[in-house]
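Trainee: Now for the letters of each chain:
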Amino acid sequence: SQTIHQWPATLVQPVGSPLSLECTVEGTSNPNLYWYRQAAGRGLQLLFYSVGIGQISSEVPQNLSASRPQDRQFILSSKKLLLSDSGFYLCAWGGGRGYYEQYFGPGTRLTVT
Amino acid sequence: QKEVEQNSGPLSVPEGAIASLNCTYSDRGSQSFFWYRQYSGKSPELIMFIYSNGDKEDGRFTAQLNKASQYVSLLIRDSQPSDSATYLCAVNPGNQFYFGTGTSLTVIP
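Respectively, the protein sequence lines represent chains V and H. Under the numbering used here, the first residue of the first sequence carries the number 1, and numbering increases by one thereafter. Under the numbering used here, the first residue of the second sequence carries the number 1, and numbering increases by one thereafter.
FYI, nobody ran anything at the bench for these hints, they're computed from the structure. As the structure is a computational prediction, the values presented were derived from the model and not from experiment. Take the hints with a grain of salt, since some may be wrong.
[What the hints assert, rightly or not] Taking lysine-lysine pairs in the DSSO-like style, the calculated list, with each CA pair at most 30 Å apart, reads:
| hint | chain 1 | residue 1 | chain 2 | residue 2 |
| --- | --- | --- | --- | --- |
| 1 | H | Lys-42 | H | Lys-56 |
| 2 | V | Lys-80 | H | Lys-42 |
| 3 | H | Lys-42 | V | Lys-79 |
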């Protein structure tokens, strides 16, 4: 069966500090991978998605970036965090054209102080 | 116009009743439709998906899809307090998923 991991689970970072969140998927190959952010009391905002190694599509221009160095690894980064970057960051796998489900990892709760 | 719209609620139903959650979407090219349950502080959990017009039943859950009306719904029969959560509707017209903002459901014992 497929499993998706995210770490860390929680993170408190000062404004202006860098960020690196990691997501890995087990039990599948060549998945579509996604990064979402959910601000408190808000809906899911798609940040990035990737259909393969090195292929990243950005949905929202901001100070975040994503990379996919391996087939089942997806990394979200920032050089300098803003207060508005606080939120619940969710990695998901699956999707694609046609009939595919999408499954979420446990998430990382980021607080920027 | 939002891609996916849901009534934010809150929706309250007594234990044992039927909870009805509704969702409309704008992209007629959408091929697959999903319902997620999200408990407070947790990540969304996929509970139902439906690809064809009509009803799909899984235990106490029934998803209903009407592509002509661009409408998808979720019925929860015999609602339990453990069903209290936010329910997210999602559609997939391609590589991206579009989510509604969710409906908060409270089941009152």
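Trainee: Please write out, lowest number first, the hints stated earlier that are contradicted by the structure.
Mentor: Nothing - there is no hint that the structure violates, so all of them hold.
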